[in-house]
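S.K.: Going line by line, the protein sequences match chains A and B.
Start counting the first sequence at 17; every next residue gets the next number (my numbering).
Start counting the second sequence at 46; every next residue gets the next number (my numbering).
In case anyone wonders, no lab produced these hints; they're calculated from the structure.
Fair warning: there could be bad hints in the mix.
As the list claims (entries may be wrong) - Simulated pairs of lysine to aspartate or glutamate, EDC-like, Cα-Cα distance not exceeding 16 Å:
#1 A:381 to B:157
#2 B:204 to A:445
#3 B:596 to B:445
#4 B:662 to A:308
#5 B:205 to A:445
To be verified - Example chain A residues on the side facing chain B (calculated, C-beta under 8 Å, incomplete):
#6 180
#7 304
#8 376
#9 398
#10 407
#11 409
#12 413
#13 414
#14 417
#15 418
#16 425
#17 428
#18 439
#19 443
#20 444
#21 480
What the hints assert, rightly or not - Covered stretches of chain A, going by a simulated chain B footprint (3 or more residues, C-beta under 8 Å):
#22 328–340
#23 470–479
#24 499–511
Ideal placement from N, C-alpha and C gives every residue a C-beta, glycine not left out.
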Amino acid sequence: MAGFPILSLMLAVPLLGALVCLLADARTARLIALGATLIDFALGVMLWCNFDVGGAQWQFTENVPLFAGFSWKLGTDGIALLLIELSVFLMPVCIGASWKSIDKRVGEYMAAFLLMETLMIGVFTAQDLFLFYIFFEAGLIPMYLIIGIWGGADRIYASYKFFLYTLLGSVLMLIAMLWMANEAGTTDIPTLMAYDFPAGAQKWLWLAFFASFAVKMPMWPFHTWLPDAHVQAPTAGSVILAGVLLKMGGYGFIRFSLPMFPEASAYFAPLIFVLSMIAVVVTSLIALVQHDMKKLIAYSSVAHMAIVTVGLFAFNVQGLEGSMIVMLSHGLVSGALFLSVGIIYDRLHTREIDRYGGLAINMPKYALFFMLFTMASVGLPATSGFVGEFLALTGIYQLSSWVALVCGTGIILGAAYMLYLYRRVIFGDQKNADAAAMPDLDLREMLMVVPIALAVLWMGIYPESFLAPMRKDIATLDARLSHARPQGDAQLTIGKPAAAATHETPAHEGAH
Amino acid sequence: MDPILFIVFLPLLAAIIAGLGNRALGNLAAKSVTTGALFIGCLLSWPIFLGFLAGHGEAHVVPVLNWVQSGSLRFDWALRVDTLTAVMLVVVTSVSALVHLYSWGYMAEDPDQPRFFAYLSLFTFAMLMLVTADNLVQMFFGWEGVGLASYLLIGFWFKKPSASAAAIKAFVVNRVGDLGFMLGIFGTFLVFNTVSIPEILVRAPAMAGSTIHFLGMEWSTMTILCVLLFIGAMGKSAQLGLHTWLPDAMEGPTPVSALIHAATMVTAGVFMVCRLSPMFAVSPAAMAFVTVVGACTLFFAATIGTTQWDIKRVIAYSTCSQLGYMFVAAGVGAPGAAMFHLFTHAFFKALLFLGAGSVIHAMHHEQDMRFYGGLRKQIPFTFWAMMAGTLAITGVGIVDVFGFAGFYSKDSILEAAYASASESGRFGFWMGIIAALLTSFYSWRLIFLTFYGKPRWAGSEHIQHAVHDDHHGHATHGHDHHDDGTAGYHPHESPLNMLIPLALLSFGAVFAGFIFHHAFISEGAGEFWKGSIAFAEQLIHHMHGVPGWVKWAPFTVMAIGFVTAYQFYIRSPETPARVAAQLGGLYRFVYNKWYFDELYDWIFVRPAFWLGEKFWKWGDIGLIDRFGPNGAAWMVSQGSRVAHRFQTGYLYSYALVMLLGLTAAISWVMVH
Numbered sequence: 017m018a019g020f021p022i023l024s025l026m027l028a029v030p031l032l033g034a035l036v037c038l039l040a041d042a043r044t045a046r047l048i049a050l051g052a053t054l055i056d057f058a059l060g061v062m063l064w065c066n067f068d069v070g071g072a073q074w075q076f077t078e079n080v081p082l083f084a085g086f087s088w089k090l091g092t093d094g095i096a097l098l099l100i101e102l103s104v105f106l107m108p109v110c111i112g113a114s115w116k117s118i119d120k121r122v123g124e125y126m127a128a129f130l131l132m133e134t135l136m137i138g139v140f141t142a143q144d145l146f147l148f149y150i151f152f153e154a155g156l157i158p159m160y161l162i163i164g165i166w167g168g169a170d171r172i173y174a175s176y177k178f179f180l181y182t183l184l185g186s187v188l189m190l191i192a193m194l195w196m197a198n199e200a201g202t203t204d205i206p207t208l209m210a211y212d213f214p215a216g217a218q219k220w221l222w223l224a225f226f227a228s229f230a231v232k233m234p235m236w237p238f239h240t241w242l243p244d245a246h247v248q249a250p251t252a253g254s255v256i257l258a259g260v261l262l263k264m265g266g267y268g269f270i271r272f273s274l275p276m277f278p279e280a281s282a283y284f285a286p287l288i289f290v291l292s293m294i295a296v297v298v299t300s301l302i303a304l305v306q307h308d309m310k311k312l313i314a315y316s317s318v319a320h321m322a323i324v325t326v327g328l329f330a331f332n333v334q335g336l337e338g339s340m341i342v343m344l345s346h347g348l349v350s351g352a353l354f355l356s357v358g359i360i361y362d363r364l365h366t367r368e369i370d371r372y373g374g375l376a377i378n379m380p381k382y383a384l385f386f387m388l389f390t391m392a393s394v395g396l397p398a399t400s401g402f403v404g405e406f407l408a409l410t411g412i413y414q415l416s417s418w419v420a421l422v423c424g425t426g427i428i429l430g431a432a433y434m435l436y437l438y439r440r441v442i443f444g445d446q447k448n449a450d451a452a453a454m455p456d457l458d459l460r461e462m463l464m465v466v467p468i469a470l471a472v473l474w475m476g477i478y479p480e481s482f483l484a485p486m487r488k489d490i491a492t493l494d495a496r497l498s499h500a501r502p503q504g505d506a507q508l509t510i511g512k513p514a515a516a517a518t519h520e521t522p523a524h525e526g527a528h
Numbered sequence: 046m047d048p049i050l051f052i053v054f055l056p057l058l059a060a061i062i063a064g065l066g067n068r069a070l071g072n073l074a075a076k077s078v079t080t081g082a083l084f085i086g087c088l089l090s091w092p093i094f095l096g097f098l099a100g101h102g103e104a105h106v107v108p109v110l111n112w113v114q115s116g117s118l119r120f121d122w123a124l125r126v127d128t129l130t131a132v133m134l135v136v137v138t139s140v141s142a143l144v145h146l147y148s149w150g151y152m153a154e155d156p157d158q159p160r161f162f163a164y165l166s167l168f169t170f171a172m173l174m175l176v177t178a179d180n181l182v183q184m185f186f187g188w189e190g191v192g193l194a195s196y197l198l199i200g201f202w203f204k205k206p207s208a209s210a211a212a213i214k215a216f217v218v219n220r221v222g223d224l225g226f227m228l229g230i231f232g233t234f235l236v237f238n239t240v241s242i243p244e245i246l247v248r249a250p251a252m253a254g255s256t257i258h259f260l261g262m263e264w265s266t267m268t269i270l271c272v273l274l275f276i277g278a279m280g281k282s283a284q285l286g287l288h289t290w291l292p293d294a295m296e297g298p299t300p301v302s303a304l305i306h307a308a309t310m311v312t313a314g315v316f317m318v319c320r321l322s323p324m325f326a327v328s329p330a331a332m333a334f335v336t337v338v339g340a341c342t343l344f345f346a347a348t349i350g351t352t353q354w355d356i357k358r359v360i361a362y363s364t365c366s367q368l369g370y371m372f373v374a375a376g377v378g379a380p381g382a383a384m385f386h387l388f389t390h391a392f393f394k395a396l397l398f399l400g401a402g403s404v405i406h407a408m409h410h411e412q413d414m415r416f417y418g419g420l421r422k423q424i425p426f427t428f429w430a431m432m433a434g435t436l437a438i439t440g441v442g443i444v445d446v447f448g449f450a451g452f453y454s455k456d457s458i459l460e461a462a463y464a465s466a467s468e469s470g471r472f473g474f475w476m477g478i479i480a481a482l483l484t485s486f487y488s489w490r491l492i493f494l495t496f497y498g499k500p501r502w503a504g505s506e507h508i509q510h511a512v513h514d515d516h517h518g519h520a521t522h523g524h525d526h527h528d529d530g531t532a533g534y535h536p537h538e539s540p541l542n543m544l545i546p547l548a549l550l551s552f553g554a555v556f557a558g559f560i561f562h563h564a565f566i567s568e569g570a571g572e573f574w575k576g577s578i579a580f581a582e583q584l585i586h587h588m589h590g591v592p593g594w595v596k597w598a599p600f601t602v603m604a605i606g607f608v609t610a611y612q613f614y615i616r617s618p619e620t621p622a623r624v625a626a627q628l629g630g631l632y633r634f635v636y637n638k639w640y641f642d643e644l645y646d647w648i649f650v651r652p653a654f655w656l657g658e659k660f661w662k663w664g665d666i667g668l669i670d671r672f673g674p675n676g677a678a679w680m681v682s683q684g685s686r687v688a689h690r691f692q693t694g695y696l697y698s699y700a701l702v703m704l705l706g707l708t709a710a711i712s713w714v715m716v717h
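Please take these sequences and the hints and turn them into a complete structure.
M.R.: Here is the structure:
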């Protein structure tokens, strides 16, 4: 593979597809979009197979100087690789989800999706600061369009909110980037990741990046755009929004904030913890009282992303790897949950939970998959959700038992709101005739949910496939963070073993 | 290949086949595959157990697959087989196989049989993963897996709102315990840098006297770890405070109650404490905590058991109470006695539940004992099976001669509690004695109400439906008048596939204690356990040295309980109502289950929904949106004339801002 510009090719294929889609009729556009995303998926598989685990940190690198030090520089490490895989895996599913439900301006819709794929992969592969910025910010434009044109009744308000939140963050991030390039004299991301910025400046830079990533994540209290955006977006838009776009915030933290500003990250870790703890409790409780399925899952996303942020700022290997797995898992699971909502939305055209009920009777296959994704969301062991959550919380416990406890309540509240949702939709009697008449999953829908279900189980039972590629990169990051690592609150002190239970009672004497 | 692989994975395979095959596969195939897998598992398990009993079993670990490796945290899928596991293997596979068989008859008319059998087998797989776990995380996997299966089976009749509600309650309440378990695992990893159980147990004694901070407070390391793990056990084993899900879990089909909510899953907490007993032994405070929780639970649950009318709820509270006994044993340092009671209890409690199922089957799903009576002549086989179970649970027996199963196991717990000579042990002993009286009372009350006296089922709606449908079916002449309380309905004995499990379990209830007490709890039991639990030989010495009255006390209170029940429900059936009226508030308190459900509803459930509503309406919409995006829009529209253009053309403005920024960036690069 040496020298073959596979990353550029992965960017080019969807872009080319997008241009053709703009000119094609509806039927052709669908086929082209599916073809382009499948080709990209195949390229993604090749990428993974050829990725040298434990080899060089940056692989498949390309570097074409453009002008004045600004260059087309791509490359990937294990962390980015996994997020690229997630993107190319979900894209064909998104096209499949839009197959029948989108019937106006299909060519443009498909073009927007394909453009978004290019930009998403661009974000995860860019190695130049400003190249990253272009992909990062431009990636949201197709999303605005998808919500604004193909969205629900309140799409204008939703996309306006989306825009407003993002704007402020991106301006601050750009200013910070300019300052950094000036200070370090380079825009090369790998170089910047090893550059030691002065501690005082780090704080300002960290905050500027935080403004952007916290919105994308989204962290409480910058999250209110998400439920509206999800509710208004078409199914595939929600899938990709929850599946990949939210991961850009986490990726930003792991690629920029942590390695570039380790001291500032340690300094602001308590802020992250407080916001995350509030997010877990508050948004979980809000999810409990929702009547709209998409809103419920959107709020649950905020709670799950809070686990990501605490894990990232745990400053240890378990926390970082756990956060990465939560991101991948949430990408699959929340994507699948939005897909599940879309499947019944296509049949009944409502997201109102009370309009359903008793679907286990007429849609048993659907009930099975919905159960699996619900359990994965709840974090049942042997699903992807558990591995990530468990590692992230193991990580944070080493820093603070309080944070672990409060974030741990997410496993209780998560079970409550997800099972309550499941109960109202799937269990109970068939109280609505139209819901009772809905047919079970058809072949197209099975082709979308089965691969995700298998991936969820794979990641839960044998996560080594996903841990191995990033192990070395996480270790590097962990080493970079080591000097800034805050003290844990456990303060374990070894006492005098002689003073064991021996003097207590006869019962305990014999126990040794 | 090691037989343990078949024992554990055949049920999983069967569950997948029956579950995915579902109706396409058909009832018979689904039932045969799952039941067959379990009987094979059972046949393979007994030789392992008997091998350990004979002293030639070797503890070993069969690796299966790597699971997670993250930094120094590493855990794999592996199956551990030692004495403790072997005991659980025979309990789980035997009861599960019999329950599978029993369900052929009990669920014969259910349209969803493949799903039911798939869930049962899935449960068995998860339970086996739990008992063979070599590390805490795989134990947690089994823990959550049985929780899932329990959730699915409680809610099996998902059309009933009460069943789905009970299912959620079981899962969520268990999750509260699970949080404790998880924090315990995190803490254990922090302290020992491993989650491998054998390694932890070896290194635990060295941690005595060390301290650690948790939630900002300083604790003895082993105390806080054990207490956190034990909170998990409290959830799964329905101990006081986290018990509220168990009685509601009776919404599930009765075979499920027998398998999951009596014999196996609910004992997982006891198993965990026994598995980690060398760790608990390091912390006297944690041991005392276990004892006190167990003692409170066994008393509290027994009081409620005396007042309930639903036959399954009586047995459910009885289970809760018996689990308390097991924890008392574990807490006073006698995990051998705890495991022995777990072992015998599995047989006699499964028997009682399946017997109750047979009664319910005969009575057209009527579960209220007020509508039973005189059934011993109608369903004599079920009656004798229930008698065997009752003799076992009440602990009938004569010292040094013969006793039913519970006689050996319960008495050894009480003796251990007395002999431990700790404050908490004494507390456990006295609570245990009082509860033994109550146990005897509610068990005989159940027998007398159900099988003795005159038939009372004429008033039962279930029976009336049955009789009504029957009359329609046969188009007979109008309504008969029966003054004998039967309304013309005559219960029938259950089919053979339900009676065989009853017979086999009866055998266990009668003889399990007599046959195995030597191996489990005698002074030489250390050779049997082979270090798989903390075996306190000294305590066993003390147990043999307890005063005579301690040995006879359980028998005495058992007799008092029997006589009282006889007086109340046979001699003068008007007494209970009179006593209830005299007790007044106390009776209502107990009858309403100490108002735990109401209390939790007020302090957890309602506030959660209220807070959710307020956080949403006030927080997100009223505060964040109002002063955030909406406020910004308002300011913009107030502050400038271009508001209109801004709101429609924001996308372009955004692109413009981005472009301007980039231009700035590039020009900066060029200037340098």
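S.K.: Now tell me if each hint is right for this structure.
M.R.: Here is what the structure says about each hint:
Restraint check for residue 381 of chain A and residue 157 of chain B: the C-alpha separation of about 14 Å stays at or below 16 Å, so the hint holds. Using a Cα cut-off of 16 Å, the hinted pair residue 204 of chain B and residue 445 of chain A holds, with the two alpha carbons roughly 5 Å apart. Distance hint between residue 596 of chain B and residue 445 of chain B is fulfilled; the C-alpha atoms sit about 11 Å from each other, no more than 16 Å. Between residue 662 of chain B and residue 308 of chain A the alpha-carbon distance is near 15 Å, which keeps this suggested pair within the 16 Å criterion.
The suggested pairing of residue 205 of chain B with residue 445 of chain A holds, with an alpha-carbon distance near 7 Å, which does not exceed 16 Å. Contact between residue 180 of chain A and chain B, as hinted, is supported at the beta carbon level, the nearest pair being about 5 Å apart and thus within 8 Å. With a cut of 8 Å, the hint placing residue 304 of chain A at the interface with chain B holds, because the nearest CB-to-CB distance is about 4 Å. Contact between residue 376 of chain A and chain B, as hinted, is supported at the beta carbon level, the nearest pair being about 6 Å apart and thus within 8 Å.
A hinted interface residue such as residue 398 of chain A counts as satisfied when its beta carbon comes closer than 8 Å to some beta carbon of chain B; here the least separation is about 6 Å, so the hint holds. Among the interface hints, the one on residue 407 of chain A holds; its C-beta lies about 5 Å from the nearest C-beta in chain B, closer than the 8 Å criterion. A hinted interface residue such as residue 409 of chain A counts as satisfied when its beta carbon comes closer than 8 Å to some beta carbon of chain B; here the least separation is about 6 Å, so the hint holds. A cut of 8 Å between beta carbons decides the hint on residue 413 of chain A: the least distance to chain B is about 4 Å, and the hint holds.
The closest approach between the C-beta of residue 414 of chain A and any C-beta of chain B is roughly 6 Å, which is under the 8 Å cut-off, so the hint is satisfied. A hinted interface residue such as residue 417 of chain A counts as satisfied when its beta carbon comes closer than 8 Å to some beta carbon of chain B; here the least separation is about 5 Å, so the hint holds. For the restraint placing residue 418 of chain A at the interface with chain B, the shortest Cβ-Cβ distance is roughly 6 Å, inside the 8 Å limit, so the hint holds. With a least beta-carbon distance of about 7 Å to chain B, the hint placing residue 425 of chain A at the interface is held under the 8 Å criterion.
With a least beta-carbon distance of about 5 Å to chain B, the hint placing residue 428 of chain A at the interface is held under the 8 Å criterion. The interface hint given for residue 439 of chain A holds, since its Cβ lies 5 Å from the closest Cβ of chain B, which is under the 8 Å cut-off. For residue 443 of chain A, the interface hint holds, since its Cβ comes within 8 Å of a Cβ in chain B; the closest pair sits about 4 Å apart. Below 8 Å, beta-carbon pairs count as interface contacts, and residue 444 of chain A has one with chain B at about 6 Å; its hint therefore holds.
A least Cβ separation of about 5 Å between residue 480 of chain A and chain B falls short of the 8 Å threshold, and the interface hint therefore holds. Note: the stretch 328–340 of chain A has 5 residues with beta-carbon separation from chain B under 8 Å; the three-residue rule is met and the coverage holds. Coverage of the stretch 470–479 of chain A by chain B holds. Counting CB-CB distances below 8 Å, 3 residues qualify, and the rule asks for three or more. Three residues within the 8 Å Cβ limit are the bar, and the stretch 499–511 of chain A against chain B gives 8, so the coverage statement holds.
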